[in-house]
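Undergrad: Spelled out, the chains give:
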Amino acid sequence: MLSLRDVHAAYGSVLALKGVSLEVPTGGIVALLGANGAGKTSTLRVISGLLRPSQGVVEFEGRPIDRMPPDRIVQIGISQVPEGRQIFTEMTVLENLRLGSYSRRDGDGVRADIERVFTYFPVLRERSRQRSALLSGGEQQMLAIGRGLMAKPRVLLLDEPSLGLAPMLVQEIFKIIKAINEQEGLTILLVEQDANIALDVASYGYVLEAGTVVLGDEAAHLRGNEMVRRSYLGF
Amino acid sequence: MSADALAALSPVVLAAPPWENPSLFAQQIISGIATGSGFAILALALVMIYRSTAILNFAQGEMAMFSTFMAWTFLTRMDFWPAFILSILVAAAMGAALELLILRPVEEAPALNSVIVTLGLFTTFNALALWIWGSQPKGFGPFSIFKGSALCAADVCVGRASVGILAGAAVIMLLLYLLFQRTRVGLAMRATAQNRLASQLVGIPVGRMLTLGWALSAACGAVAGVLISQNVGLTTISLFPVLLFAFAAAVLGGLDSPAGAIVGGLSIGIIRNMAGTYVPSDVGNIDLTIAFIVIVLVLMVRPTGLFGKRAVRRV
Chain A
1 MLSLRDVHAA YGSVLALKGV SLEVPTGGIV ALLGANGAGK TSTLRVISGL
51 LRPSQGVVEF EGRPIDRMPP DRIVQIGISQ VPEGRQIFTE MTVLENLRLG
101 SYSRRDGDGV RADIERVFTY FPVLRERSRQ RSALLSGGEQ QMLAIGRGLM
151 AKPRVLLLDE PSLGLAPMLV QEIFKIIKAI NEQEGLTILL VEQDANIALD
201 VASYGYVLEA GTVVLGDEAA HLRGNEMVRR SYLGF
Chain B
1 MSADALAALS PVVLAAPPWE NPSLFAQQII SGIATGSGFA ILALALVMIY
51 RSTAILNFAQ GEMAMFSTFM AWTFLTRMDF WPAFILSILV AAAMGAALEL
101 LILRPVEEAP ALNSVIVTLG LFTTFNALAL WIWGSQPKGF GPFSIFKGSA
151 LCAADVCVGR ASVGILAGAA VIMLLLYLLF QRTRVGLAMR ATAQNRLASQ
201 LVGIPVGRML TLGWALSAAC GAVAGVLISQ NVGLTTISLF PVLLFAFAAA
251 VLGGLDSPAG AIVGGLSIGI IRNMAGTYVP SDVGNIDLTI AFIVIVLVLM
301 VRPTGLFGKR AVRRV
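The listed protein sequences derive, respectively, from chains A and B.
The first sequence lines up with residues 1 to 235 when you count with the working numbering.
The second sequence lines up with residues 1 to 315 when you count with the working numbering.
Worth double-checking, as some hints may not be accurate.
Said to hold, decoys possible - So the derived label-pair ranges between C-beta atoms look like this:
| id | chain 1 | residue 1 | chain 2 | residue 2 | range |
| --- | --- | --- | --- | --- | --- |
| 1 | A | R67 | B | I116 | 30 to 38 Å |
| 2 | A | Q75 | B | F240 | 41 to 49 Å |
| 3 | B | M300 | A | K175 | 49 to 57 Å |
Said to hold, decoys possible - Some chain A residues close to chain B (C-beta under 10 Å, calculated; not the full set):
| id | residue |
| --- | --- |
| 4 | G49 |
| 5 | P69 |
| 6 | P82 |
| 7 | I87 |
| 8 | T89 |
| 9 | E90 |
| 10 | R104 |
In case anyone wonders, no lab produced these hints; they're calculated from the structure.
Backbone N, C-alpha and C define an ideal beta-carbon position, used for all residues, glycine too.
Put together the whole structure using the sequences plus the hints.
TA: Structure, rendered in structure tokens:
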């Protein structure tokens with residue numbers, strides 16, 4: 001459904017990606033693992049059109065998207081939940097969700113999807129009229145995911161959803177992510193520092209190191225891989 | 001300005017204190033609010049751009065002046081309303097073009113670059129206006145709808161041109177409020193001002209929002225310029241003090257707060273009139289000095305302005 005082939009990208013003269021190739025199959029959850037600075041976020045930035053690749057191809061459902069502006073990419077069905085959540089803190093929860101649906105014109109569908117997000121994250125319904133700066137870290141992450149879903153994406157890019165959250169909350173959020181994937185068949189590309197939990201929900205995983213993919217395998221195989229265990233799973 | 005107020009401006013003569021002459025005091029408040037609402041419109045224009053791009057547009061006043069000259073030219077050919085509306089539209093187009101062609105390239109550059117660019121625009125517009133329209137003052141208004149005797153209640157009076165400024169400011173504020181609070185585009189513009197990255201990720205064409213912001217801001221400038229110039233006359237430098245006060249108003253209110261721009265504008269208008277009336281001085285421009293002293297004092301206590309947000313972020 002989504003594929004990157006030999007993608008290179010740089011910030012100014014600093015090379016961030018040096019030939020990333022990966023496949024995200026329809027309906028799957030693919031985990032992208034790696035240390036800080038390995039290029040995980042840059043990979044997502046390239047897919048979302050925030051960073052232009054200097055070389056290589058990004059294809060979505062068979063057509064190249066690497067020259068499209070970010071707003072077009074949301075329209076064709078790729079939505080990103082960025083690292084650090086990046087919610088609109090001065091706006092209410094509801095306004096954040098409305099903004100998530102900016103690329104859509106189907107008013108009824110939007111209202112139905114707000115309900116759907118509230119079903120996944122009931123706490124957001126309770127707080128829908130509150131300024132989102134007042135939400136806790138976990139609630140903000142839920143809002144960020146909810147906002148990402150409001151674009152009605154066919155691929156959801158999730159960047160470090162566990163960042164800064166208590167372990168209990170992380171478990172809860174990942175349970176919901178898994179549920180969304182199973183119930184709606186939503187394809188997910190998940191960037192995560194916490195390899196343990198990422199490989200729990202993912203069917204396939206890639207390991208990035210210094211801007212290149214060094215390993216790609218079934219999640220179960222990655223769990224058994226000696227290098228992955230030592231570097232990322234910590235046992 | 002009333003005869004009393006003029007007398008108060010001349011050296012050494014001290015106006016009677018407010019409790020002895022309450023109608024002079026009320027008069028100064030009212031005319032302060034009228035001039036202040038002119039500052040408020042321009043301050044709003046500055047804030048609108050600053051919020052979304054972190055650019056302080058030093059050319060705002062000159063753009064308003066240029067638009068007012070355009071209105072003057074249109075007025076030689078048509079009635080007030082068509083000329084007024086046409087000049088607003090042309091100003092909007094000019095603002096959009098500036099953002100696209102001149103500001104876009106320096107957007108990612110350090111803040112100082114955009115300061116230099118807007119200062120460049122400042123001198124460019126000034127020179128262009130001098131070149132096209134010359135340095136002779138132009139008779140500008142009052143237009144027929146603002147003609148007639150001042151409106152008085154008891155012995156407090158407001159000129160019709162001042163009522164025009166007040167009405168213009170009210171209409172602009174109402175329209176901007178409706179735009180930002182009630183429309184999809186307005187929501188997207190607010191989002192762009194708050195969080196550029198998140199706006200891109202929800203599919204807002206951020207560039208188009210910035211262009212629109214500049215267009216709106218320039219349009220506000222045209223409205224302010226036309227309305228204010230009826231009172232102060234029109235030359236290539238006539239709006240410069242107004243720009244200074246508008247800047248002061250925006251800073252006083254907090255550069256990122258539209259409500260602050262309005263409150264700041266009105267406060268500066270009132271303070272300025274009070275200073276001009278009650279502070280004896282044989283120096284000209286004492287009103288300007290005092291207005292700025294007040295601002296410095298406020299900023300010592302609240303560095304981000306009255307309504308400005310402190311840069312505290314919850315992680």
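Undergrad: Which of the stated hints cannot be reconciled with the structure, identified by number in ascending sequence?
TA: none
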